[in-house]
Amino acid sequence: MRPGWRRSVIYLTLLGAQGCWLYAVLTLANRHALQDRVSVIGLLVIYPASFAFNRALEWLGWHRAIRVTLSWLGWLAAMLLMAKAQLYAGEPFADAAHSVPQAIGAIFEGFRPELFILLASILLWWLGWRLALTRPGFRPALAELQFGVIIIIAVFFIAAELGVSLPEAVPTILVFFIFALSGIALGHAAEGSGWLAGNNRPGWSLLLAAIIGLVVALGWLIGSFLSPDLLQYVLDGLKWLWGMIVQALTFIASLFPKPEPGEMPLPTTTPGAVPTEEPLNPWDLSEITRSRLQIAWTVFMVGFLGLALWRVSSQIMSWLRRRLSGLADAESEPLKGAFRADLLAVLRRLWRFLASLPLRLFRRNTAVPENVPVRQVYRRLLRWAAAKGFPRAGSQTPYEYFEYLAAAVPQARGDLAFVTEQYIRARYSPLPPDPHELVEMKQRWQSIKKARLKKPEPERSRDGETGSTS
Amino acid sequence: MEKREARPDVAPVRAAAARLIENVGRVVVGRRETIELVLAALLCEGHILIEDVPGTGKTVLAKAVARSLDCTFRRIQCTPDLLPSDVTGIHYFNQKTAEFEFRPGPILANVVLVDEINRATPRTQSCLLESMQEQQVTVDLDTVPLPRPFLLIATQNPVELEGTFPLPEAQLDRFLFRIRLGYPSEEGETAILERFQKGSPLEALGSVIAASELLSLQRLCREVFVSEPVRRYIVALARATRGYKDIELGASPRASLSLSLATQALAAMRGRDFVIPDDVKALAVPALAHRLVARTQTRLRGQSIEDIVREILGAVPVPVEG
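Chains C and P, in that order, give the protein sequences. Position 269 of the first sequence, counted from 1, bears residue number 269 in the numbering used here, the numbering being contiguous throughout. Numbers in the numbering used here are just positions in the second sequence, counted from 1, shifted up by 1000.
Quick caveat, the hints were computed from the structure, so don't treat them as lab data. Predicted, not measured: the structure shown is a model, and the values here were computed from it. Be careful, since some hints might not be right.
Taking lysine to aspartate or glutamate and the DMTMM-like style, the derived pairs with C-alpha atoms no more than 25 Å apart in a straight line are [what the hints assert, rightly or not]:
#1 C:Lys-454 <-> P:Glu-1321
#2 C:Lys-442 <-> P:Glu-1321
#3 C:Lys-449 <-> P:Glu-1134
#4 C:Lys-449 <-> C:Glu-403
#5 C:Lys-388 <-> P:Glu-1321
#6 C:Lys-84 <-> C:Glu-58
Some chain C residues near chain P, calculated using beta-carbon distances under 10 Å [claimed, not checked]:
#7 Gln-294
#8 Thr-298
#9 Arg-379
#10 Leu-381
Just some of the chain C residues that point at chain P, by a computed CB distance under 10 Å [what the hints assert, rightly or not]:
#11 Arg-375
#12 Ser-395
#13 Thr-397
We put the CB at the ideal spot given by N, CA and C, even for glycine.
Put together the whole structure using the sequences plus the hints.
Now the structure itself:
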């Protein structure tokens, strides 16, 4: 398959996989809160439309501010058109326009279709924009599988908890797996390794087709058994377990002697009146507390299952990847505690980032004032090149990156050399840049922006020193 | 904000480097990068360890550099029976003058070639420690300063290990660079045969840099500017070697200091009065590899320490925007 076609197909699989879990989430919300008043299929059209619109904007290569503004306008138009088509279909445009203030006011009156369409359109447009900026490959496809599985399981649990019937959930899951697994296989092949790039392609293709068929057959079998009733049965089992725990705790509490009542003035009661209040049971929970505990328990179970699934799927995928790359005989050393260490490292990084947010807002720019424009121009160059598919590797020096980028845009080699040279002087030399050279640098940057880059090849070694691959 | 001092003019360094490389290149074929490393070591008063199989031009290189510098050159052939006094010199009683006189050893020269240093006993090797680090030798309680400039080029053969005494890490750490020459290319080897056919071109080699000029060039190199981001990058590289999964003993602060000084020399040789990360990357492998000790499993896997340093170079981010 040609690289261009492969990219398109991988995009299609990512669209399909994301679309499946989006469909499940939106259907659940639509059915539970709005009684199916909105067409979810129609609403999902926003997602590929956003993807196509934002891809087109990226291809045009306009200034980032213009692209963001146009994207926002595109969302607004898509959202209004969707609301018109779904809620005010029978009305002419003029009347629908008069209904806009009314519709905006209706958003704040509770969870109405207008609010649903607003929120769903934001989510769909944002996901489409994000996908448009993502480089299709193995990692996005794998992340999509992991995330999608968690979302779909969460939808299952919530639907069972709320008593919402989702007969279309099972075929949605099957379609999701077809898209996700295909995307993973193609993404792996796009990296130049794996079975799709190897010699035994027909054999592996047959195996993949057999696996997909098996998954579909199993899914049909499971779908015929799996039903909200079964899920309710599982939840009832969990509730029974919780009840047993509560009874055990009550029993343990009863083993301790109750405290002797102290000397207290007796309340004045009418002679012969019988106290009607029941003795206070410490294990009697109020309804609010009970529902909150239920929600917390559900969130905990979903999170726990999600983490477990994430771990299991990562291990399965890495085994599959090793297998497909012909490294099945390589020894792998399981690192005890690695997942926990990684998770703690992620949480620490998140904490450090959140803790540094106030500092970042008030941090003084310590760059030499005269050098700031030069560094700003270079930063724009890096962002522009990264958006075009030529990001700088962290370990690349400016000269190494210049050689890498100049190969992609040979007609701008001279301009790139000048900009790189100016940046190096500004960054590493103590002397301020010459004002005339700064003006020329900005002019050369403008001409670089107009240049068309050659399409990036599949990710291979980009580091100037080592042969490290991504 | 960095101080805006008067910037040094490194043009003389660049010109001298070009002259020396061209001069040595008449004798040593196809070793431009190696000659640059030798000159960089000379400019920052470092020492070099050349590790290679016999017959690859180690001695020729050292002699050519010495001749190009108009400096005194001495060669020490290390053997197991070499004594420290054979290196540093001795006090002997002159019967004519009835006084003790000092006979300087071969170490007291500008350029000293220590051949097959791993054949000398640890006792003799240790007497070189003081000369390399302190630029002086101690003979019978007398401290004798070494001449300046002072460059020690040691060689060792990585193949024959019987009867050798591997250099301890403490001494390895005192070498600025470890260089492996390797075999020349086909064209290079053909050029060697052509050049050496009628005689050694080493005999006709003249000096292109005076010793006094070299001292001023060394002072110029120290003036080359090293910015804060580059300094942090050098430290990050050294710190990355400590605790790296394949490294048992990482780079010391002496290593990061040596790397910093060497980058100043290299920047000056390339005509810049400031150091850039490319200079650091160019010198990281020769400056760090010999100071690191790889884990046993890594050695058994056949991974060289140079590859590990390149891996680290690929992992440590360079101080650039974004």
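Original post:
Once the shortest beta carbon distance from C:Thr-397 to chain P is found, is it less than 10 Å?
Top reply: Given a least distance of 4 Å, the restraint on C:Thr-397 holds.
Original post:
Should the hint that C:Arg-375 touches chain P count as held when the rule is a Cβ pair under 10 Å?
Top reply: holds (6 Å)
Original post:
Close enough to count: is the Cβ of C:Arg-379 nearer than 10 Å to one in chain P?
Top reply: holds (5 Å)
Original post:
Hey, C:Lys-388 versus P:Glu-1321, does the alpha-carbon distance stay inside 25 Å?
Top reply: It holds: about 18 Å lies between the C-alpha atoms, which stays within 25 Å.
**OP:** With a cut-off of 10 Å on the beta carbons, see whether C:Ser-395 makes it to chain P.
**Re:** Given a least distance of 5 Å, the restraint on C:Ser-395 holds.
Original post:
Does C:Gln-294 pass the interface check with chain P, least Cβ-Cβ distance below 10 Å?
Top reply: At about 46 Å, which exceeds the 10 Å cut-off, the nearest Cβ of chain P leaves the hint on C:Gln-294 violated.
Original post:
Within a Cα-Cα threshold of 25 Å, do C:Lys-84 and C:Glu-58 meet the stated pairing?
Top reply: With a Cα-Cα distance of about 28 Å, the restraint between C:Lys-84 and C:Glu-58 is violated, given a limit of 25 Å.
Subject >> Minimum beta-carbon distance criterion (10 Å), C:Thr-298 to chain P >> reply: violated (41 Å)
Original post:
Taken at face value, is the distance from the CA of P:Glu-1134 to the CA of C:Lys-449 at most 25 Å?
Top reply: violated (55 Å)
**OP:** Measure nothing beyond the straight line between the CA atoms of C:Lys-454 and P:Glu-1321; if it is 25 Å or shorter, mark the hint as holding.
**Re:** holds (24 Å)
Original post:
Minimum Cβ distance from C:Leu-381 to chain P below 10 Å?
Top reply: holds (9 Å)
**OP:** Below or equal to 25 Å on CA atoms is what counts here, so check C:Lys-442 against P:Glu-1321.
**Re:** holds (17 Å)
Against the hints set out earlier in the document, violations occur for numbers 3, 6, 7, 8.
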